[in-house]
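> Residue-level listing of the chains:
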Amino acid sequence: MIKLHVLSRSQDGFVSLFTAIMISLLLLVITVSLVSLEAVQLRKSEDSEQTLRAYYTAEAGVEDAVSKVLNNPTNRVDQDCSNPALSANASFDIPGAAGWTCQQITFSGSPKGTLTTPDMAKTIDPGHVSSPSSYNSVIVQWNDSAAAGSYSVPAGNLPSQAGYAGYAAPPIEMAIASYPSAGFKANDVCGPNQVPPACSVQLQNALIVPRGTGVGGVVNFSTLLGHGQWDGNCGALGRAYTISGNNYTADYNCYAVITNLTGAHDYLFRIRSKYLPSSYKMTFMTGATGGGVVVPVPDGTATIDVTAKAGQTYRRVVTKLPLGPGAEASLNYVIYSDTDVCKNFSVIDNVAPPPNSGC
Amino acid sequence: MALAILAVVLLSSTLITTRAFRLGQTARERTILADAAQVQQEALRSFRDNHTWNEFLNGGMIGGVPYRGVLTANGPGGCVFAPICQHAASTVFGPGLQEYVPVAGSTTGPVPTSYIEIEVTPIPVANPTSVDVVLSYGFQPLGGGPQNVGHIKTTLTNIGLKP
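Those sequence lines, one after another, are chains B and E. In the working numbering, each residue carries its 1-based index in the first sequence increased by 7. In the working numbering, each residue carries its 1-based index in the second sequence increased by 394.
It should be emphasised that the hints constitute simulated quantities derived from the structure, not laboratory data. Possibly wrong hints are sitting among the right ones.
What the hints assert, rightly or not - Far from chain E by the CB rule (all over 12 Å, computed), these chain B residues:
1. 140
2. 189
3. 206
4. 213
5. 229
6. 233
Said to hold, decoys possible - With the Cβ distance kept under 8 Å, some of the chain E side facing chain B (calculated, not the full set):
7. 403
8. 417
9. 418
10. 422
11. 424
12. 425
13. 524
14. 547
15. 549
16. 550
17. 551
From the three backbone atoms N, C-alpha and C, an ideal C-beta is built for every residue, glycine too.
Sequences are here, hints too, so could you generate the full structure?
Right, dumping it as structure tokens:
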């Protein structure tokens, strides 16, 4: 009887100990889980705060770049990240804690934009481009920004005619002013029915009408004078097409290549969307028929690209800064104004804005 | 024996959990405060973007009511990091005229015991074209201990949209 009692007490102790260990293990699991959750919260909070600091440091880098551009408006030399003395600032916020690691400023690319209202026009003034190479053709792409997507060719010709409904791209009017790279004088401007070499500064227009995928796509600059409308190669977005050996996937419904430009001339383009708003992109190419490689040209903006670091967190901010009116603003006025303006093209590189147009 | 083990485990578990909860709570509150600080930073940027550079620096009038600029709004009042500071406050200047403008002193944040203050330093030239903005914030963490502080620094420049 005594032996049995001892055994029972021993069993009770074992059960109690086992229960205590089980409860301890359960508490341990709960505690570890809670600590893990709070550790994650702590990490998220730190990441969030460092991201915020990196973002505002990157914004400071952008503002610094804006200062550089605005305080030296005539110096439009690209700044890359190869020279940290110019493009980096390691001690913007508590030396070593936050700063920008790369501040790029570029003044060129492939101009693109939106013509937000029908018949709106924009001027693309690449100026003289010789490095790394001059351009000899331009691929113009466009679509109806309000109805991008599928594309169908209706029976009508122009939007003013019956059957126009269904176009997902407007006709484009492209005015091209060409002038000798070597310079020219006011009396070099071509008059009515006058062609080079009798004159050297020419203004010509090309009306490019959207068509199907199988037609068009070329605007031959050398036969522009007196030519009727040109056909744009249009179709659905995402379709594949080839221009002089280069393969493309359509980001815009329509394209047309302005061919046979020459490095001996510089060009000023004014793109106008007829009847509908439009998005456009112009890609300048080395080949005469749209082939070769892309030539970056000044696109009227400074692209500022800043990467900043706070702690171990990086943030990148890219923005575009519209540059002040230069040659293009005045040339717009010169070419398109009906009022009394002075057509002094010889100051193309440094045209002052024409307040009341007295030269 | 079992009771002793249980007591030790329970006690240490409670201590660790409490500590972890406090850390987590501090982290949560810090995130909330950092977001509120971002509101202040953006309010100041908006103030820059919607006024001339001179108004941004020195103040002006809205609906006949004067407001201060970032160089003239500094003043005492709850400043912790600098003797004088400022913050952006949504101010009503008349019917339909309400916007954030710089106001002297610090402001309280959405977390208990918190504060947010802004220190604006112009570049040291006669007519500064940019200012450094240091936004500092802090609060007393749950359970006591040293102040939990942080700051965000950026630069605002005369971007030339308005003279």
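> Are the hints correct? Go through all of them and say.
Taking the hints in turn, this is what the structure says about them:
1. 140: 33 Å, holds
2. 189: For residue 189 of chain B, whose nearest Cβ neighbour in chain E is about 34 Å away, the distance exceeds 12 Å, so it holds.
3. 206: Given that every Cβ of chain E is farther than 12 Å from that of residue 206 of chain B, nearest at about 39 Å, it holds.
4. 213: Holds, since 35 Å exceeds 12 Å.
5. 229: 42 Å, holds
6. 233: 45 Å, holds
7. 403: 4 Å, holds
8. 417: Nearest chain B Cβ about 6 Å off; hint holds.
9. 418: 3 Å, holds
10. 422: Check passed: Cβ of residue 422 of chain E comes within 6 Å of chain B, closer than 8 Å.
11. 424: 5 Å, holds
12. 425: 5 Å, holds
13. 524: 6 Å, holds
14. 547: Status holds, d = 4 Å.
15. 549: 4 Å, holds
16. 550: 6 Å, holds
17. 551: This hint holds: residue 551 of chain E lies near chain B, its Cβ roughly 4 Å from the closest one there, short of 8 Å.
Violation of the numbered hints given earlier is absent; every hint is satisfied by the structure.
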